[in-house]
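There are 4 protein chains.
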Amino acid sequence: MDRRQHRARPIRGPVREVLTPVEIVRLLADVGAYGVNFHDNDLVPIDATLAQRNQIVRDFKQALADTGLVVPMATTNLFSDPAFKDGAFTSNDPQVRAYALHKTMHAIDLGVELGAKIYVFWGGREGTETDAAKDPITAIKRSRDAMNFLCEYVLDQGYDLKFALEAKPNEPRGDMYNATTGHMLAFLTTLAHPEMVGVNPEVAHEHMAGLNFTHAVAQALEAGKLFHIDLNDQAFGRYDQDFRFGAVNLKSAFFLVKLLEDNGYDGSRHFDAHAYRTEDYEGVKDFARGCMRTYLILKEKAERFNADQEIQALLIEINADEGTMAPYQGAYTSAKVAALKGHSFDRPALGARGLSYERLDQLTVELLLGVQ
Amino acid sequence: MDRRQHRARPIRGPVREVLTPVEIVRLLADVGAYGVNFHDNDLVPIDATLAQRNQIVRDFKQALADTGLVVPMATTNLFSDPAFKDGAFTSNDPQVRAYALHKTMHAIDLGVELGAKIYVFWGGREGTETDAAKDPITAIKRSRDAMNFLCEYVLDQGYDLKFALEAKPNEPRGDMYNATTGHMLAFLTTLAHPEMVGVNPEVAHEHMAGLNFTHAVAQALEAGKLFHIDLNDQAFGRYDQDFRFGAVNLKSAFFLVKLLEDNGYDGSRHFDAHAYRTEDYEGVKDFARGCMRTYLILKEKAERFNADQEIQALLIEINADEGTMAPYQGAYTSAKVAALKGHSFDRPALGARGLSYERLDQLTVELLLGVQ
Amino acid sequence: MDRRQHRARPIRGPVREVLTPVEIVRLLADVGAYGVNFHDNDLVPIDATLAQRNQIVRDFKQALADTGLVVPMATTNLFSDPAFKDGAFTSNDPQVRAYALHKTMHAIDLGVELGAKIYVFWGGREGTETDAAKDPITAIKRSRDAMNFLCEYVLDQGYDLKFALEAKPNEPRGDMYNATTGHMLAFLTTLAHPEMVGVNPEVAHEHMAGLNFTHAVAQALEAGKLFHIDLNDQAFGRYDQDFRFGAVNLKSAFFLVKLLEDNGYDGSRHFDAHAYRTEDYEGVKDFARGCMRTYLILKEKAERFNADQEIQALLIEINADEGTMAPYQGAYTSAKVAALKGHSFDRPALGARGLSYERLDQLTVELLLGVQ
Amino acid sequence: MDRRQHRARPIRGPVREVLTPVEIVRLLADVGAYGVNFHDNDLVPIDATLAQRNQIVRDFKQALADTGLVVPMATTNLFSDPAFKDGAFTSNDPQVRAYALHKTMHAIDLGVELGAKIYVFWGGREGTETDAAKDPITAIKRSRDAMNFLCEYVLDQGYDLKFALEAKPNEPRGDMYNATTGHMLAFLTTLAHPEMVGVNPEVAHEHMAGLNFTHAVAQALEAGKLFHIDLNDQAFGRYDQDFRFGAVNLKSAFFLVKLLEDNGYDGSRHFDAHAYRTEDYEGVKDFARGCMRTYLILKEKAERFNADQEIQALLIEINADEGTMAPYQGAYTSAKVAALKGHSFDRPALGARGLSYERLDQLTVELLLGVQ
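The listed protein sequences correspond, in order, to chains A, B, C and D.
Numbering-wise (this note's numbering), the first sequence opens with residue 2 and increments by one.
Numbering-wise (this note's numbering), the second sequence opens with residue 2 and increments by one.
Numbering-wise (this note's numbering), the third sequence opens with residue 2 and increments by one.
Numbering-wise (this note's numbering), the fourth sequence opens with residue 2 and increments by one.
Keep in mind the hints are simulated off the structure, nothing from the lab.
The C-beta atom is built at its ideal place from N, Cα and C for all residues, glycine as well.
Among these hints, one or two may not hold up.
[Said to hold, decoys possible] Derived contacts from chain D toward chain A, CB cut-off under 7 Å, selection only:
no., residue
1, Ile57
2, Glu280
3, Arg360
4, Leu364
With the rest of the complex left out, here is chain A (with noise of 0.2 Å):
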């Protein structure tokens, strides 16, 4: 795990005091986190003048340079202002979608300047309370037109940077479009440069919706379109919670870790969560630690499990293929089907082979328990 990151936003809120960008990339290099991501507004107040903004990247980039912390990824703040009420991209109102690409070229210039090959998209207002207020269908066409866009605006300025669109199904709208990695990944191929953008999958987003992350996250990497990943942990059904890796369900984020590891994915694991708020700045950083610990943990445990002599021999007989199959399988001919369809199948000996899942199971959790 050479990438590990967080994003400044997080480490910040109510009860405690707010860091500066720079005092934030001092506490991450503190607690050995590879990278900083930010919204543009956690590095540039919304109402800097010039001269502070370029102070600011500044000073941010004297930190990066003094720690070596890299900036894998940036992306917009097109939520917290009252302006994005009811939207940015899919907002009724033509200035609000005006000032929402304006100021997410502006951000994108930020970003690449800081470093970042990776500009995440996450629509905190693209959604609504009542579908009497917008056409789902015109909300859409919005969202696309405002990525072709914005892909030209990459294109015609030369950078290197791919998109990844994030995901969530509510909160803070009573529902946002595009609401899972699902549908992110469908919406992406009716883009106009669809090689340019991918997905940012989180954890808590599919959470939310009682969904399986890894089977998400497992069809965003088969098709090439895993350009990033947000890791946290929430329980299904609840407020976005933003959790430290793990704290809800060890079984989950070892699939998950099992994943990402075997198929060599190689972009950032971006801890995108919030220590409790019961935690002062020394929580702060065990929770950050923590977030990284357990990654490695199960990194580890996914190794034993690919290592583990019984688990192996059943996955061996739970695949096995005695080839009696192998006339019908590979490409189509009409002849190979002809066959297919005469052939006469043992319907009950395929429904009486028992698969031992339970025992590969039971394995598994006692390896996650260290028992194994």
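With chain A held as given, fit chains B, C and D onto it using these hints.
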């Protein structure tokens, strides 16, 4: 709503005597349905001889001819038989995967013989209880191989048939692959013949994941992929309830009907619901009539929404475009972007504008309640 | 609905200028509300001096006198200040627990001074993110000690005041103690003065757990414990949405109103909801009026339900008692039991009876839609 | 864990041959279970003659004697037969209500004959799909009448038997009455013989409503009402999954085991779970052993948590009481209250204190993962 229909399957159960397919056709005709759909084994038992099969099909065709009902859609039961206990196309057992293709090809033949133009795929066992037992990437590849094979089969046979993929997040498996309509829309773009393949969203299935169904249907419609739809109702975050259309949430049902009608959806309105277990056959008829009545009432409400002067005036105001953004709209140009980046926005003014969505939503509620 | 009212708190937020308490009273009077409720710090800032506090209270009383609004209920803010980040009465810190009692007693004095007869307890931070940090049995005992202490305080002061406990399953804490109205009803029976203590169920809070709110309110009513109610709306399994009453599910809102009206509930109908963030102050008024209008419309629908001949005939049929079970009904006797144990029931006949619930529910739906 | 056991019911299903009760006893003995529970009709078919019933009971007793298994708990099946399609004790049909009492009394006799000391009530059909069909207050009164009647029956017969009420939020009904353990705890306080009645919480049932199960069990324990417990596992917001204990969430399972063991719970640990449908009988045994193994592993982890020096030092620090609040603690007095009301608290200091819960939770996670 000239294409309403009912699937044969739901109208039976342990509290009522099982009807024969012919009896179901007559019951549906009796309540005014347009068509009847079926799983292969709803019509022909899985262990029927060829002679029995042919007799059943003859009787069924006669019942269709007698009543005027049509068969717009057919599908395969790939979930009831114990052979499919670990999936059909995604099973770890190559014999089961081959048997699933075999069974589906025969079922496609049957569906085409009876006039079906749409073939639905709901992978009732394509999922897992533990991700230790199956690599989710392998599962995706197996699903794709099966769909590509069956597309080839349809092309090879010269059938006039399209596929509609139906998602479900869980139940009967712990987690199902391609959990939502969004995931299915993404998956189908990776197929060899995506033009033959669309989706069959079901209200209850998206509601199980607490998702806004209208948004998912809008995405499918906008992508030209809404090939079929399953109408019923369901509380969020529950077991698969399959209640009468509109029985849980009239407001979300209204926005769905409005979307379908406003956009000229011309496919089936398939009521894939079940009468409460408290009902005898008169109750089943009440239930079937209720589905259709509620759809028609909401269709009329949608027309009234579109004609209501107060509502329409609000919508015009909400979407007002005073034209100042015109220089930045339309196709991307570098000059346009430079101007937009330099434009000065009155952010506080954008944020201060009241949008009247409470009033609009309350007008909608009162229209639904019949007091507007 | 002669006791409708609004809490002072919701009507402000980052998208709108914060109103003073006096302005809120005037806004509520403007839309026709009956009363106004408040948290102590909605009225008096947590850091106000005694002189400031007295001036605020004088102004507020004058506004009440000017408008005729009353204060039926008051409550304590035990969640906003960082001191309460790990709970108030259940905090692990004995100073915080003492401060929570101190703050509540002063707030009770304020509420009584303004005429409140009901004092609500919502323990906004009484919960946990990890059960490692607090023994749940200790938490229960601390909650009980605090409630017993405060009951003694009210008795000691001779106040005419009852307590109403409000449950919430989660948010802002990962899990809240006494997660539902059911848990609160059980908890209060273990107090030293249970006769002083009832519940304040809130639609949104039970819906967050996907529970039927009407059933919970019925249990409270039947036990004589429905001392107050918070009306709003919310999708199941989501963050705390606090939407306008009836904004999500008209059918469940209808059954709730019917329950309250049929059973002569004479406490407050408190609309504890928030206008969408899209609204300006005119929108806030639309929202407030909408809550009250929808309640009144549903109240009239309930009267129509009770007067509808077709519906009432069905209900009589459904509940028919032909009298054969009379020998077994009433108080327990050994003879009755012997007879009942020996009675031979026609089980298939009991199971075969159709109950017409689909028809009844469809009639209800059509009554709601105004087409019946 | 000296009282582990399995219910007869789960170990069968359409994918496996149904075992006879005697075979189930032998299978449970084989995997080392302590006891076996049953619904009346798991043992004696609903249509058995008296002679058949007596033979079955004789054979079952012999199997118990042969294996040393005991029957700690019994219960009634009031949900499978169509007669109960609209409830048993809450049915609108007085004949069904009488039949439910009749059936339960006979089943209690059977349970007592086989040695059961606890009688569980799970009202599998006590609920509704539409609140139009049943007044929820009537349903509560019917439930209470039935429970009071059956308490009298047990007292009248002189049986040594207690009742344990089991809650479930939904499924198979749309909504079930007394939806959670909290509602059941409240309900039982309204009975004529509350001392005879406790609860039987089930992990899966509280998790269906997304509730913290450990908190519900703590409330029951603290009230002296934890008469029985059903252990299994389940994702939040899903159909009733009844997975192997610990199969979904190891952390919540750990806190549950710790609560039971720390508080000396001496009732049954009943594993009311089902093996995956993928399993043959060897898999069913793996599953049963897995439930017990995971419980024992977590029990040992709880002991280590209680002995871990770093964790215990943190807990002492978290709960530190420097004594300054002592004057305000203990029984209520007017003088104490006056002093407490006048005490000046250093609110910012209370809020600024870091609580180290992230560190404590991470230590817990690492203890669970076996790396601590």
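A quick look at each hint next to the structure:
| no. | hint | result |
| --- | --- | --- |
| 1 | Ile57 | 28 Å, violated |
| 2 | Glu280 | 5 Å, holds |
| 3 | Arg360 | 4 Å, holds |
| 4 | Leu364 | 9 Å, violated |
Violation of the numbered hints given earlier is confined to hints 1 and 4; the remaining hints are satisfied by the structure.
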